[in-house]
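*Asks:* Here is how the chains run, residue by residue.
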Amino acid sequence: DQQVKQNSPSLSVQEGRISILNCDYTNSMFDYFLWYKKYPAEGPTFLISISSIKDKNEDGRFTVFLNKSAKHLSLHIVPSQPGDSAVYFCAASPSGGATNKLIFGTGTLLAVQP
Amino acid sequence: DSGVTQTPKHLITATGQRVTLRCSPRSGDLSVYWYQQSLDQGLQFLIQYYNGEERAKGNILERFSAQQFPDLHSELNLSSLELGDSALYFCASSVSVVSGNTIYFGEGSWLTVV
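Chains as they are written, first to last, in the working numbering: chain A, 1 to 114; chain E, 1001 to 1114.
Don't take each hint at face value.
Partial pick of chain E residues on the chain A-facing surface, computed with a CB cut under 10 Å [said to hold, decoys possible]:
1. ALA1056
2. SER1086
3. PHE1090
4. ALA1092
5. SER1096
6. VAL1097
7. SER1099
8. TRP1110
Quick list of in silico lysine to aspartate or glutamate cross-link-like pairs, EDC-like style, CA-CA up to 20 Å [unchecked claim]:
9. E:LYS1057 to E:ASP1029
10. A:LYS56 to A:ASP31
11. E:LYS1009 to E:GLU1107
12. A:LYS71 to A:GLU42
13. E:LYS1057 to A:ASP31
14. E:LYS1009 to A:ASP31
Treat the hints as calculated values from the structure; they're not laboratory data. None of the values given here were measured: they were computed from a predicted structure. Using N, Cα and C, we set each Cβ at its ideal position, and we do this for glycine too.
Generate the whole structure from the sequences, applying the supplied hints.
*Replies:* Structure (structure tokens):
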């Protein structure tokens, strides 16, 4: 039962252009959505998050959009840089207060071409 | 450097054996999580502890167990190891169990079962 899905295993983008990474979820009982970035041989690093009561959050080159009716979120990176090449994981945190564990998607490998 | 320390970084062991993975959370963090990442898989939540008590459990096998000690470090014990247990095991920590708290990951422990 994959509650958080990233349907694109990989994405290739030219340097300077926009990267758009997508994520879908099936459970309406999520409080927060997060994006993590992972380089090989390193642990995931927190990138940006959004509360379920918002539809957009921006931090520098990174913007996350949340469409609750479609159960869809996306991460926009503008402009993309070669150093952004990594695996990006979408994650969701359930509401209810008992736990803030993260449920992860399977990741999207972003390659930014110079 | 996330501040979450995991040891050992690499471990090779034989089927049927038992291993212990150790995690020191970031200073001040009370909650510890364990995740498993197998080849081509996303991060699967195993278990969460908060201030020494189990908080949430995921699809953790009965052969696996964990605990969080009074000094807040945590150990994940994997026994009767099988080839399929070969994976990257991540520990993570956060200040509390409140949804939206940033969760910081260690660099992982690579387990190879031969």
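*Asks:* Tell me, in ascending order, the numbers of any earlier hints that this structure violates.
*Replies:* As far as the earlier hints go, 2, 12 and 14 are violated by this structure, in ascending order.
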